[in-house]
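**Q** Okay, here's what each chain looks like letter by letter:
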Amino acid sequence: AQKVTQAQTEISVVEKEDVTLDCVYETRDTTYYLFWYKQPPSGELVFLIRRNSFDEQNEISGRYSWNFQKSTSSFNFTITASQVVDSAVYFCALSELHRDDKIIFGKGTRLHILP
Amino acid sequence: NAGVTQTPKFRVLKTGQSMTLLCAQDMNHEYMYWYRQDPGMGLRLIHYSVGEGTTAKGEVPDGYNVSRLKKQNFLLGLESAAPSQTSVYFCASSWQQGSYEQYFGPGTRLTVT
Numbered sequence: 001a002q003k004v005t006q007a008q009t010e011i012s013v014v015e016k017e018d019v020t021l022d023c024v025y026e027t028r029d030t031t032y033y034l035f036w037y038k039q040p041p042s043g044e045l046v047f048l049i050r051r052n053s054f055d056e057q058n059e060i061s062g063r064y065s066w067n068f069q070k071s072t073s074s075f076n077f078t079i080t081a082s083q084v085v086d087s088a089v090y091f092c093a094l095s096e097l098h099r100d101d102k103i104i105f106g107k108g109t110r111l112h113i114l115p
Numbered sequence: 001n002a003g004v005t006q007t008p009k010f011r012v013l014k015t016g017q018s019m020t021l022l023c024a025q026d027m028n029h030e031y032m033y034w035y036r037q038d039p040g041m042g043l044r045l046i047h048y049s050v051g052e053g054t055t056a057k058g059e060v061p062d063g064y065n066v067s068r069l070k071k072q073n074f075l076l077g078l079e080s081a082a083p084s085q086t087s088v089y090f091c092a093s094s095w096q097q098g099s100y101e102q103y104f105g106p107g108t109r110l111t112v113t
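Taken in order, these protein sequences are the chains called S and L. Residues in the first sequence are numbered consecutively from 1, following this note's numbering. Residues in the second sequence are numbered consecutively from 1, following this note's numbering.
Source of the hints: derived by calculation from the structure; they are not laboratory data. No residue lacks a Cβ here, since even glycine has one placed at the ideal position from N, Cα and C. Misleading hints may appear alongside valid ones.
Label pairs and their in silico Cβ distance ranges [to be verified]:
no.: 1; chain 1: S; residue 1: Leu97; chain 2: L; residue 2: Gly3; range: 25 to 35 Å
no.: 2; chain 1: S; residue 1: Thr30; chain 2: L; residue 2: Gly16; range: 46 to 56 Å
no.: 3; chain 1: S; residue 1: Thr31; chain 2: L; residue 2: Lys14; range: 40 to 50 Å
no.: 4; chain 1: S; residue 1: Ser12; chain 2: L; residue 2: Met41; range: 31 to 41 Å
no.: 5; chain 1: L; residue 1: Asp62; chain 2: S; residue 2: Thr20; range: 30 to 40 Å
In silico lysine-lysine, BS3-like type, Cα no more than 25 Å apart, as pairs [unchecked claim]:
no.: 6; chain 1: L; residue 1: Lys9; chain 2: S; residue 2: Lys107
no.: 7; chain 1: S; residue 1: Lys70; chain 2: S; residue 2: Lys107
no.: 8; chain 1: S; residue 1: Lys16; chain 2: S; residue 2: Lys102
no.: 9; chain 1: S; residue 1: Lys16; chain 2: S; residue 2: Lys70
no.: 10; chain 1: S; residue 1: Lys3; chain 2: S; residue 2: Lys107
no.: 11; chain 1: L; residue 1: Lys71; chain 2: L; residue 2: Lys57
no.: 12; chain 1: L; residue 1: Lys57; chain 2: S; residue 2: Lys102
no.: 13; chain 1: S; residue 1: Lys102; chain 2: L; residue 2: Lys71
no.: 14; chain 1: L; residue 1: Lys14; chain 2: L; residue 2: Lys71
no.: 15; chain 1: S; residue 1: Lys102; chain 2: S; residue 2: Lys3
no.: 16; chain 1: S; residue 1: Lys3; chain 2: S; residue 2: Lys38
no.: 17; chain 1: L; residue 1: Lys57; chain 2: L; residue 2: Lys70
no.: 18; chain 1: L; residue 1: Lys57; chain 2: L; residue 2: Lys9
no.: 19; chain 1: S; residue 1: Lys70; chain 2: S; residue 2: Lys102
no.: 20; chain 1: S; residue 1: Lys38; chain 2: S; residue 2: Lys102
no.: 21; chain 1: S; residue 1: Lys70; chain 2: S; residue 2: Lys38
no.: 22; chain 1: S; residue 1: Lys3; chain 2: L; residue 2: Lys9
no.: 23; chain 1: L; residue 1: Lys9; chain 2: L; residue 2: Lys71
no.: 24; chain 1: S; residue 1: Lys102; chain 2: L; residue 2: Lys70
no.: 25; chain 1: L; residue 1: Lys71; chain 2: S; residue 2: Lys107
no.: 26; chain 1: L; residue 1: Lys70; chain 2: S; residue 2: Lys38
Some chain S residues flagged as far from chain L (calculated, every beta-carbon gap over 12 Å) [said to hold, decoys possible]:
no.: 27; residue: Ser12
no.: 28; residue: Glu59
no.: 29; residue: Gly62
no.: 30; residue: Asn76
All chains, full assembly: derive it from the sequences and hints.
**A** This is the structure in structure tokens:
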């Protein structure tokens, strides 16, 4: 079954600390796509990254980095030197090529960055 | 370029009333989606459309209907609102398949009393 688990419901860290948000997925498809979205307090959902199942290279974008490991079915997200503006709910999501083109979202991790 | 817009932003309904939420996108996307977001539940797909004139059920379709008469618009209807439909509703669109990222509207906060 297609499933996305974000075990951390809520995390609080002090500004400038590094923080990793975990995402574990389940899929039977060999071709799938993983996503991360950010939902700041204002409420809108912002796309952060997409990764396909054939590309296990880690990605870095500024203070953000993503670690994709097929062996553990994980797609973790790390924020380095966190800032108050990083406070948000972060969603991991999965879509399978052969499953009606729907994206399944995890339940989200609420991240608090304390000044 | 407005992206994805939703109207209204807020609405309060009494049980049994009906309403329609409008979603519009100006990116010429084929795919459009309606989600609901409830505390601790993440985003759940209500209905979606893979092109003009098509609709399909998602994870939680009961109590909702949709229509996609024009490519740029996707309407979500509640025929007889229930308190369980109190939620934040998000519309999204994407270029093609689910392998492409979705672009979200700002959301509609609906309260059913």
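**Q** The structure should be examined with respect to each hint, and the outcome stated for every one.
**A** Quick rundown of the hints versus the structure:
1. S:Leu97 x L:Gly3: 25 to 35 Å: Roughly 26 Å apart at Cβ, these two residues keep to the hinted range, so it holds.
2. S:Thr30 x L:Gly16: 46 to 56 Å: Holds - the Cβ-Cβ distance for Thr30 of chain S and Gly16 of chain L, about 48 Å, lies within 46 to 56 Å.
3. S:Thr31 x L:Lys14: 40 to 50 Å: 47 Å, holds
4. S:Ser12 x L:Met41: 31 to 41 Å: 22 Å, violated
5. L:Asp62 x S:Thr20: 30 to 40 Å: With Cβ atoms ~37 Å apart, the hint holds.
6. L:Lys9 x S:Lys107: Holds: Lys9 of chain L and Lys107 of chain S sit about 23 Å apart, inside 25 Å.
7. S:Lys70 x S:Lys107: 21 Å, holds
8. S:Lys16 x S:Lys102: 36 Å, violated
9. S:Lys16 x S:Lys70: Answer violated: Lys16 of chain S to Lys70 of chain S is near 30 Å, above 25 Å.
10. S:Lys3 x S:Lys107: Satisfied, since the Cα-Cα distance of roughly 11 Å is no more than 25 Å.
11. L:Lys71 x L:Lys57: 18 Å, holds
12. L:Lys57 x S:Lys102: 11 Å, holds
13. S:Lys102 x L:Lys71: 19 Å, holds
14. L:Lys14 x L:Lys71: 31 Å, violated
15. S:Lys102 x S:Lys3: 12 Å, holds
16. S:Lys3 x S:Lys38: Distance of about 19 Å is within 25 Å: holds.
17. L:Lys57 x L:Lys70: 18 Å, holds
18. L:Lys57 x L:Lys9: 24 Å, holds
19. S:Lys70 x S:Lys102: 21 Å, holds
20. S:Lys38 x S:Lys102: Satisfied, since the Cα-Cα distance of roughly 19 Å is no more than 25 Å.
21. S:Lys70 x S:Lys38: The given pair, whose Cα atoms are some 23 Å apart, holds under the 25 Å limit.
22. S:Lys3 x L:Lys9: 30 Å, violated
23. L:Lys9 x L:Lys71: 22 Å, holds
24. S:Lys102 x L:Lys70: 21 Å, holds
25. L:Lys71 x S:Lys107: Distance of about 30 Å is beyond 25 Å: violated.
26. L:Lys70 x S:Lys38: 29 Å, violated
27. Ser12: 17 Å, holds
28. Glu59: With a cut-off of 12 Å, Glu59 of chain S remains clear of chain L, as the shortest Cβ separation is near 14 Å.
29. Gly62: 18 Å, holds
30. Asn76: 18 Å, holds
Going down the numbered hints, you'll see the structure goes against 4, 8, 9, 14, 22, 25, 26, while the others check out.
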